[in-house]
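**Student:** Protein chains in written order, with the numbering used here: chain A, 1 to 392; chain B, 1 to 255.
One thing to keep in mind: the hints can contain errors.
Computed footprint of chain B on chain A; a stretch qualifies when at least three of its residues, placed anywhere within it, have a C-beta under 8 Å from a C-beta of chain B [stated by the list, open to error]:
id : region
1  : 295 to 308
2  : 311 to 323
3  : 338 to 344
If we take Cβ atoms under 7 Å as the criterion, some of the chain B residues that face chain A in the derived model are [what the hints assert, rightly or not]:
id : residue
4  : Leu15
5  : Leu17
6  : Ala31
7  : Phe33
8  : Gln34
It is worth saying that the hints were derived from the structure and are not from the lab. Nothing here was measured: the structure is a model prediction, and the numbers come from that model. We put the CB at the ideal spot given by N, CA and C, even for glycine.
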Amino acid sequence: MSDQRRRELGGLDPIDRRLGAPPPSPLRWLFSLLRTRSALGLAPSLTPAVVFLPLGVLLGPHGLNLITGDMRTLLDLSVTLALALVGVFVGIAFGREVPSAGRLLLAASLESLVTIAAVAGATLYLVVSTGLPLDASAVIIALALGLCASASSATSADPDADPAAAVATRVADLDDILPIIVAAGIFTVATGTGADRWWIALIPVGAGLITGLIGWLLFERAKSVAERGVYVLGTLALAGGAAAYMRVSPLSVGLVAGLLWTMVPGRADRIVQDDLGKLQHPLVVLLLVTAGALWTPSAAGAWLLVPFLLFRLAGKVAGGWISARIVGDVRPSDMAAYLMSPGVIGIAFALNFRQILPAASGEALLWAVAIGTAVFEVFAVVALPLWRREPR
Amino acid sequence: MSTPSVSGRGRETRLLLLVIMVAVAVLLVLAQFQYPTPDRAVVSPLAGPIERLAARATFEELALIMGDLSTRVQPALTVITLERIPPPAPPARRGVAPVAPAPTDRRIVAALRIDINLAIAHLPSGFRVVPAAGIEVATEDPDRRLVLVRVPDAPFVGLGSVAQGIGGPGYVAVFEGARGGPAARPLFIGRVDSFDDPRWTQPLLSVGGDPQLNAGAFIYTLDGRLVGMTLPDDLGVAITRVPALLAAVEALRVQ
Chain A
1 MSDQRRRELG GLDPIDRRLG APPPSPLRWL FSLLRTRSAL GLAPSLTPAV
51 VFLPLGVLLG PHGLNLITGD MRTLLDLSVT LALALVGVFV GIAFGREVPS
101 AGRLLLAASL ESLVTIAAVA GATLYLVVST GLPLDASAVI IALALGLCAS
151 ASSATSADPD ADPAAAVATR VADLDDILPI IVAAGIFTVA TGTGADRWWI
201 ALIPVGAGLI TGLIGWLLFE RAKSVAERGV YVLGTLALAG GAAAYMRVSP
251 LSVGLVAGLL WTMVPGRADR IVQDDLGKLQ HPLVVLLLVT AGALWTPSAA
301 GAWLLVPFLL FRLAGKVAGG WISARIVGDV RPSDMAAYLM SPGVIGIAFA
351 LNFRQILPAA SGEALLWAVA IGTAVFEVFA VVALPLWRRE PR
Chain B
1 MSTPSVSGRG RETRLLLLVI MVAVAVLLVL AQFQYPTPDR AVVSPLAGPI
51 ERLAARATFE ELALIMGDLS TRVQPALTVI TLERIPPPAP PARRGVAPVA
101 PAPTDRRIVA ALRIDINLAI AHLPSGFRVV PAAGIEVATE DPDRRLVLVR
151 VPDAPFVGLG SVAQGIGGPG YVAVFEGARG GPAARPLFIG RVDSFDDPRW
201 TQPLLSVGGD PQLNAGAFIY TLDGRLVGMT LPDDLGVAIT RVPALLAAVE
251 ALRVQ
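I would like the entire structure built from these sequences, with the hints used as guidance.
**Tutor:** Written out as C-alpha cells, the structure reads:
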C-alpha cells in the first residue's frame with residue numbers, strides 16, 4: 001500500500017522504509033522535513049500548500065517580481081495541463097472505484113454536496129446582505145467557492161497507523177467527482193448563451209471521449225517506453241489544449257478521458273497512471289507556485305474568506321458525519337478530521353474558475369481559496385491531532 | 001476500526017452542532033456590516049491561456065492596453081452634460097409670429113473627480129451645466145473655462161500617478177465624455193512643445209500638427225499616469241498639466 005500522505009509530492013513510501021532505504025543526505029533530509037508528513041500522527045510538519053503557495057507569492061509581482069507578465073501567461077497554460085492531469089487521475093479513480101465501491105461514492109458525493117451547499121449558501125447570503133460588489137454573478141461566485149471548499153485530499157491520513165484512514169482516503173479521492181461535474185455545469189452557464197449552452201455542456205464529454213479514444217489507439221501500439229511517454233504527454237496536451245481553446249473545464253475533459261481509459265479493453269489506464277505519475281508531483285508544485293504568483297491582495301477576497309473558512313469547517317464536519325454513517329466503522333469526527341486537509345484540488349478549481357470569471361472576481365476567489373487552503377493545512381497539522389486525542 | 005459508543009455519539013453530535021452554530025453566528029454578525037467601498041468595475045474575463053500565447057497584431061495589443069487602462073481610470077472620472085445658453089428671445093411684436101426656439105446644443109464632457117462629491121470639468125464659453133440628479137455647479141472660472149461641479153457621492157480614489165509631461169512621437173490615451181461614461185481612445189502625437197500662458201502657473205503643452213483633440217478631455221499616458229486636461233488656447237487646444245490644474249481647482253474651492 002502506498003503512503004497516502006505523500007501522494008502529492010512523492011518521497012519514500014512505507015515499502016521503501018521496510019526495505020531499508022539509504023540514509024538521506026542533509027539536503028534531502030531538509031526537504032523531507034518540509035514535505036507532507038503525518039499531521040494526525042502528531043508530527044509537526046509542513047504540507048505542500050503551506051510551502052509552495054508562499055513561495056509563489058514571494059516569486060510573484062508582490063514579492064521579488066521574478067514571475068512577470070509573460071511568464072505568468074506561460075504558467076497559466078501549464079495550469080491548464082495540470083488541471084487536465086488532475087481530471088485524468090480523478091477519472092481513473094472514479095472508473096476503478098465505481099464497480100466495487102458504490103457506497104463509498106455515495107458517501108463521498110454526499111459529503112462534498114453538503115460542503116458545497118454550506119459554503120455556497122453562506123457566501124450568497126453574505127454577498128447579498130453586505131452588498132459585496134462583484135463583477136460576476138453572485139450565484140456563480142458562491143457555487144465556485146463552494147466547489148473549491150469541497151475538495152479534500154486526506155494527505156494527512158496514514159493507512160499504516162489507522163485503518164480508518166484508508167476509508168477516508170478513498171472518500172477523499174471520490175469526493176472530487178461531483179464537484180468536477182458541477183464545475184462543468186458552471187462553465188456552461190458562465191460561457192454559453194441561450195441555446196448554445198446545451199452544446200457547450202456536451203463539449204467536455206465529446207473532447208474527453210475523442211482525446212481518450214486517440215490515446216487508447218496510440219498507447220499500446222508504441223514501440224518503446226519513450227515513444228509511449230510522448231504519446232501520453234501529447235494526449236494530455238491535447239486534452240488541456242482542446243479544453244482551453246473551447247473554453248471548457250480541463251478538469252472535466254480529463255475526467256471523461258480518464259474514465260474512458262478504465263473502461264476500454266487493455267491497460268490504457270495503467271499506462272497513463274505510470275507515465276503521468278512522473279509528471280504529477282512537478283505539476284502539483286507548479287500549480288501551487290502559480291497560484292501563489294497570481295495571488296493579488298483583495299478586499300473582496302478577504303470578505304469571501306470568512307464563509308470559506310467557517311462553512312468549509314462546518315460542511316466537512318457535517319459531511320463527515322453523514323458519510324461516516326454510510327460507510328460505517330469510522331467515527332464521524334475522524335472522517336471529518338481526515339477530510340479537513342484541502343490538498344491542491346481546491347486550488348486547481350480556483351485557478352480553473354479564474355480562467356473564465358471577470359478578472360476582479362477571479363482574483364478575489366483565488367485569494368480566498370489560496371489563503372483558506374493554507375489555513376486549513378495548518379489547521380490539519382496543529383489542531384486536528386488534539387481533536388483526535390479526545391477519548392473515544 | 002473504531003465503533004462509536006453512546007457517549008462518543010453524543011460527543012460527535014455536540015461537535016457537529018457547536019461547529020454549525022459558531023459558523024452561523026459569525027455569519028449573522030458579519031452580515032450586519034456593509035462592504036466598505038464598491039471598488040469593483042465591470043471588466044471582461046481574462047482571455048484563455050492559448051489566446052494569450054498567440055501572437056497579436058500591434059493594434060490588438062494597443063486595444064488591450066486601452067481596455068486595461070480604461071478599467072483603471074474610470075473610477076477617477078465622471079461625465080456631465082452641458083448645453084448652450086439660448087440667446088435672449090427678441091421682444092414680441094404685434095402681428096409677427098413668435099420665432100421657434102433653436103434646437104438645444106448639448107455636449108457630454110468628462111469631469112475629473114477631485115473629492116468624494118466634487119469634479120472639475122471644462123465649460124466652454126456660452127454653455128452651462130445641465131442640472132441632473134446630484135449634479136450642480138459649485139463655482140466657475142470663466143477666464144480659464146473651468147467649472148467645479150458637485151456630483152453624486154462616490155469613493156474618491158485620488159488622482160493616482162501623475163506624469164510630469166509627455167513627449168512625442170508616441171501614443172497617449174484620451175478620455176472624453178460619452179453617454180454611458182468616460183470613453184477612451186488612443187492618440188498618436190508627433191510633437192509636444194511647452195509654452196507660457198499668463199493664466200496658468202505652469203507652462204502648457206501644445207500638441208503639434210492636427211492633434212484631433214477637443215477641449216475638456218483628460219490625457220493619460222498608456223501606463224495610467226495623468227498628464228492633464230485639454231483646454232482652449234489661442235491656437236486651438238493645449239494641455240494643462242496636473243499641478244497647474246490643481247492650483248486652479250484650489251482657487252475655485254476657496255471662492
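**Student:** Does each hint fit the structure? Answer for all of them.
**Tutor:** Okay, the hints, checked on the actual structure:
no., hint, verdict
1, 295 to 308, "holds (count 5)"
2, 311 to 323, "holds (count 6)"
3, 338 to 344, "violated (count 0)"
4, Leu15, "6 Å, holds"
5, Leu17, "10 Å, violated"
6, Ala31, "4 Å, holds"
7, Phe33, "6 Å, holds"
8, Gln34, "5 Å, holds"
Figure legend: structure checked against the earlier numbered hints; hints not met, in rising order: 3, 5.
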